[in-house]
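Once you've looked at the hints, dock chains B and P against the given chain W.
Protein chains in written order, with my numbering: chain W, 1 to 334; chain B, 1 to 417; chain P, 1 to 335.
Note that these hints are calculated values from the structure, not bench results.
The structure displayed is predicted, hence computed values, not measured ones.
Hints may be right or wrong, so weigh each one.
As the list claims (entries may be wrong) - Here are the simulated lysine-lysine pairs, DSS-like style, with alpha carbons at most 25 Å apart:
(1) K152(P) <-> K6(W)
(2) K205(P) <-> K240(W)
(3) K6(W) <-> K111(P)
(4) K358(B) <-> K36(B)
(5) K130(P) <-> K9(P)
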Amino acid sequence: MERYRKYFLNKLSWFLITFVCAFILNFILPRLMPGDPVAAIVSRMAQGMSNATGVQAIYQQYTELFGTNKPLLQQFFIYVNNVLHGNFGFSLSQYTRTVADVLGASIWWTICLQFPAIIVGWLIGNTLGALAAYRKGGFDKIIMPISIFVSNFPAFGMAIILLVIFGVGLKWFPTSGGYGFDLIPNFSWKFIWSVIVHYQLPFWSIVLISIGGQAIGMRSMSIYELNADYVKYARFMGIKDRKIIGYVFRNAMLPQITGLALSIGTMVGGALVAEIIFSYPGLGFTLLNGVMGQDYPLISASTLIITVMVLSANFIIEILYGIIDPRIKAAQAD
Amino acid sequence: MKHIIQQVFHSGKFIVGFVILAAVLLIVIVYPLLIKDAPLAIIGQGTFFPPGTYVNAYDSLGSPKYILNLEHAAAKRIASKLSDDDRLAMQEWLVAAGIPENEIDISNTEQLLRQWENHYDPQTNIAGMTNAKRNYYIRLNASLKGLLSTEGAIIAVKNADTGALEETGDVVAQSDYVNIGQVANVRRLPLGTDNFGRDVLTELVAATRVSLQIGFVAGIVATLIGLTLGLLSGYIGGLVDDGIMFITNLFTVIPSFVLLILISFSIGQEKRGAVTVAVVIGFTSWVWTARAVRAQVISLRNRDHVNLSKLSGHSLVYIIFADILPYVASYVVMALILQISSGILAEAGLSILGLGPKTTEVPTLGLMMNWAMIYQAPVLGKWWAYLPVLVTIALITFSMNLMNTGLDQVFNPALRD
Amino acid sequence: MAKVMLEVKELTTKYITRFQENIYAVDHVSLKVEEGKSLGIAGESGCGKSTLALSLMGYYFPPLHYTSGEIIIDGRNISGMEPDDVRKSILGKEIAYIPQSAMNALNPTQKIIHFIEDVIHAHESHVTKKEIYERARKLFEILGLPESTLQKYPVELSGGMKQRTVIAISVLLSPKVLIADEPSSALDVTTQKMVIKMLRDLMEKKLIKSMIFITHELPLLYNVTDDIMVMYAGQIVEKGTAEQVVFDSIHPYARGLMGSIIVPEQGLRDVKLTAIPGVPPNLKNPPAGCQFAERCQYVRPECKAMSVNLRELKGGRAYRCILSEEELREAYQNG
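Just chain W, same shape as in the assembly (with noise of 0.2 Å):
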């Protein structure tokens, strides 16, 4: 347990770490570049917006809120604070209604569809590549080229193909949104099915992607487990086929989880963009509609939210792994 410990606090310590490090990047990159962030956000707004007081009021929130006119230090705590204070200001797209409030409607969907995604995604693709190694020949040979080519595909082709294929073909499920266009989210039957039936697409079009990757690696991993001395050993103790299996699939599978952990930020990337060809209200559309509507408060606080998802969902599965691999335990012991 003290070693658990030592590696509990070693891995929160790295989390803070690279959390500060995120955070200050997210302030200090857009204000490297030339300008004054919020002229050149006002400058573009009086080309979209009508009411000249309404843009006068946000620009004057905005100097306020960013303490443009304060030195870059100081400006920094302010920014720490209102992010404290879960103030990110208003959204300049969709003005009358704060970042926050935007961001807390689409975080949820963007949970609900990522991550049990990709975990199906990383379940499936494991059982394949163990399969793959395992079983050889023609599963082998037409499971890997396959995953070859799915992991080489781009995640938002792998979206359009299949809303072109199930959604605009064969119109099986519904080709944009989170649920149908005509109802009010409530706790319906009706809301709770369009919900489900809107989720299938990009939900399938995420865990695709991720198959590949996976696959392709549990298979190297397995085969080399294979061939691992242990393995001759405890055949030659008499130990049956099936429960050495298991001892190769348990191995081969742990170094899958870090894996996982250092690749989540790219798939979270991909499924992003793959939300955006589903108009899937998540944070992958609303960091489009920020784009298109040049919401600088509303890009800055998305790519904060992501980065804080991505780097607590590595931090969940590097804390997980440390339970299940007994190896982390004893290389804390020195």
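For chains B and P alone, coordinates are given in the frame of chain W:
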């Protein structure tokens, strides 16, 4: 060196990948030499013209006429205006109007049209018919008018003074043909036009070129950064290593596309050229190269030939270039290939988010995807606007990955299985 | 007359590569080990000694395949048995194996005691975990291993400790034959000594009835085993007692093998150090005639023409050469 190249070209996977990529490159280079149209020129008035050969209708009136008596000409003419769905719809209407179903034979075109002509009346109200359906029948009826006629069409010209139509004496008979080679204006659009009315094929070729350039620049930038950091961190070790590894670990967990989005947005639409986007992509994707190079260098650092070089008093730069680089070169080449392909994908992802290169100068594969998505090409069934783009992206990334796998198998024999 | 624990008659096994080539790594090998005795097998790497160790288990998985010959353990012929019967009633129970690199021989994510449970349950299904623990504890005590090892993961053990644990697990079911494949080669000298002492203990404490010890260091065998067999290119080239083979080898290869290692053992210091030039033949296309002819100092034209049989001498000694014992000794005399 020669031996290695020979070995590489013995790998089936590498050859397949190489051939696909070479074919793409060849098309990208040769096509603009043959067809000199500007890729972003708007030629079509309207959106999404389907693929095909477009013959100028006005010019074909003035072209020499040839009479060809072809057997199925009339049937084909009717069939092109009367699809199976239309026939079923007609049957439905006629049945609803009270004609016994067994008297209607939808495969007998002539009889069907006579029945339709005799019974159809737009005023008749049929119970349960929606407005849309009613309008459909009115349109269908209009298109069927004169379908069975064997008369030709008379060409008339508007008198500039009176505004009255005057016959020119020219009659276009149903058996008149023109030779496509004698029509002054013919345009082939093998992939139709996009939402702005631009030739998709020409645009696609230009976009592929730009995307490959973006991928290449991004790959070079990422590889150079990754290689430099990896070499320094692996060879020098100590504090330098700690510092570089800290940054590398940091950028491993902070998702690179978040940085991409932030930087791209901050640069602003106006300043975002293709090269800028490429460099930004390169700056956010060097992490894995740095890690791989570092691991390699650490294993090389204490090899005999490196130690010998150190004892001989060679400089750091010399040792790195002469004793270390040649050994990591294969990894660097493989990493570069992967970086190029992921650079192309990153550009596409950014463009779909609306953060791609400035749209007025050049097309990229991502921008074409973005336009197709904004104008809902997939939902409208305009496959030519997005499918060729997707196929091109997939071909490029797939071919590069095959090459990479091939190289991997040549350089790491243990993976051959 | 002591009971014969392991008898092998004309055993031949081959590897089938993915290009469907046959590589005969064990070529008509016969041997015999009696109760309470140990046999050493020596040879360069690539001479087929490790393959012989695998082949002796009577349980083959690709790319290794059984071709012909018999393996008889304590009077029971296992060559014709179903693989699953071999696994259940022979492996680990009658004949046990210590792998070349015991470092990685244990599943890294399993506690030692859990692996022991799996081993015992593979052969005896109705033993409770408590009984198994008790058995393992007793065995570890006899072998001088701390009881706490049982509750550890392999990563928590040092190299020597891991090796000793693997040996303990191998003899868990008191096998009649123990096959140790270079168990000491990856260890430092002190630990090597400890491991070899432990193997001798096993015999003395009657935890095993006989042992086959495989190594590339021929002189090492002198301290460990009663008899020695030298292998070259999948064949036996010389066998005899340890004393005979180490101090008075007949076959040129065995002599060369003695000379190629610096050994500070008594009585061996005067032996001249001579490495054998060249490498063993490629078994994909073995040469006709004597396999060693290419590298042999005393080669004659006829060596490469005809295949050479093992010559049996009295007292179980044998060697594979066309020259007689006297001719060879004379050749050695003349340098």
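These are the hints, each one checked on the structure:
Of the pairs offered as hints, the one joining K152(P) and K6(W) holds, with about 19 Å between alpha carbons and a cut-off of 25 Å not exceeded. Simply put, K205(P) and K240(W) have alpha-carbon atoms about 30 Å apart, too far for the 25 Å limit, and the pair is violated. At most 25 Å may separate the alpha-carbon atoms for a hinted pair to count; K6(W) and K111(P) meet this at roughly 21 Å. Annotation: proposed proximity of K358(B) to K36(B) holds, straight-line Cα distance about 22 Å (limit 25 Å).
Of the supplied pair hints, the one linking K130(P) and K9(P) is violated, its CA atoms being roughly 42 Å apart against a limit of 25 Å.
Checked against the numbered hints listed earlier, the structure breaks hints 2 and 5; every other hint is satisfied.
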